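From first to last, the protein sequence lines stand for chains R and Z.
Numbers 0 to 285, taken from numbering that gives the first Met the number 0, label the letters of the first sequence in order.
Numbers 0 to 285, taken from numbering that gives the first Met the number 0, label the letters of the second sequence in order.
Quick caveat, the hints were computed from the structure, so don't treat them as lab data.
Just so we're clear, the structure is a prediction, and the values are computed from it rather than from any experiment.
Note that CB positions come from ideal geometry on N, CA and C, so glycine has one too.
Hints may be right or wrong, so weigh each one.
So the derived list for chain R, only partly shown, Cβ under 8 Å to chain Z, looks like this [unchecked claim]:
(1) 45
(2) 215
(3) 222
Listed below are the residues making up each chain.
Protein chains: 2
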Amino acid sequence: MKLDKNTNILIVGLGLLGGSYAMALTKKGYKVSAVTRSRRSIDVALKNSLIREGTNEPDPKLIGKAELVIFALYPHAFVEWIEKNQHLLKSGAVITDVTGVKGTLVKKIQGMLRDDVEFIAAHPMAGREVSGVENSDDSIFEGANYVVTPTEKNTPEAIKVCEDLGRALGFARISRLDPEEHDRIIAFVSQLTHCIAISLMTCNDADHIGTYTGDSFRDLTRIANINEVMWTELFLDNLDALIHQMDLFAAEFGRLRWMLASRDVEGIKDTMRKSTARRIALDQGK
Amino acid sequence: MKLDKNTNILIVGLGLLGGSYAMALTKKGYKVSAVTRSRRSIDVALKNSLIREGTNEPDPKLIGKAELVIFALYPHAFVEWIEKNQHLLKSGAVITDVTGVKGTLVKKIQGMLRDDVEFIAAHPMAGREVSGVENSDDSIFEGANYVVTPTEKNTPEAIKVCEDLGRALGFARISRLDPEEHDRIIAFVSQLTHCIAISLMTCNDADHIGTYTGDSFRDLTRIANINEVMWTELFLDNLDALIHQMDLFAAEFGRLRWMLASRDVEGIKDTMRKSTARRIALDQGK
């Protein structure tokens, strides 16, 4: 299959991300329908013209005509859905997802899926600190990264559909990683980052800090407003890699503390120079 | 003295912050001059109409007529300047500063200062990741916090001048803290935050992370681009309070790691709920 304006696209799970996918695709003239558990979410999506049609039950007709199915569910709900409803999928359909952890999940889904349906996984690195289809916002994809994580089971055609989807959504950079490498990198750039923000927000019970704080504290804790159900699941699905990154960070933080306590001025300055150089390289896309 | 449009304001030190002060005050019609070490900085400030006049030597005439002197120098340079040049200050002048650490410094300056000059300290909680007068930008004060740190040596008149200055600069919230309390809070909301950003940026040598990263990593490391001379000085001037906050954070981060490693789902979710509640309270100004 190819992705074009005639493709029947079905989104399963209309939360913030599913809704934002629907908004971006519908705006560009794609044919988008949705299946989600909540009737209210379908009503909101229809009212805001995010989708053409939708049901709050796994409707065989809607699912059966979809050539591209995008799962915007929590990992375990995705697995359950496939177990229960994969017989409804159209033969030849391509399915993809938005899940933030890949290794175990991709193996599990590809292992259990029918032979005439292909799963190509992707991780859209975009989000907001609010949830729900009513907060859908396709501008979150502007300037953002979209990572496709193919395995040896994937065909070049399905990989292309998935990358075309990323382009249609408006992502700035589309790249490929194998699922395990993806999870190692995500443990560092995303999961560790969230663990740090949570710990910073909860390590001190000081009140009224809003009156005395600068932008830096706000920046470091923006993601401390966190969906505990989703993130607990994502952390535990990638636990070894996350713990490894947490230990690397804790060791480096401990090293800085030691240099400070021993007033090792040159050591502190060296670390700050390294930090500055690496941050500038990040801005330069290196 | 009172702060009004006829007050002769002298800024000592034309870096990013001194230049941004000059820009904000000059735009509002205040009379601003400057003394700084670099002739180039004076030329830039004159060319951009940030100041009326300026010298790169401690000019007795310029200093002698200033009723309000704002020191935008590193802490040790501020102390040295007072030691060397305080005889040039006008009798009755009020002096203030922009230094990020207060306890030791305020005591030191107030202890050594002439009796007919008053030092009232302030901390403008604003900045950018670039330095130099050529990057001056008075918009950094919009929405930002300005903290005045009076001691028992300060008069209500000088405190008012300092608070009026904060208003003239365009700060959103002006508050008072005693210098020691200021330093304890700053150790948490600013210094710890910078230590975390530095350690996150330097704990992993992964390359090309720009291709795979979301906004969260960028947000948490924005301040990892850091002026190592200034911040090393600020950290060491507030070392006990900073180390205490680093230890609180490390303990909380270690607690989260332990909960993850032991798959304590309820403990993790509780911590995330606390984190979310505290972050929402911060946004609500609580």
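Starting from the hint list further up, note which numbers the structure goes against and sort them upward. Hint check: 1 fails alone, others pass.
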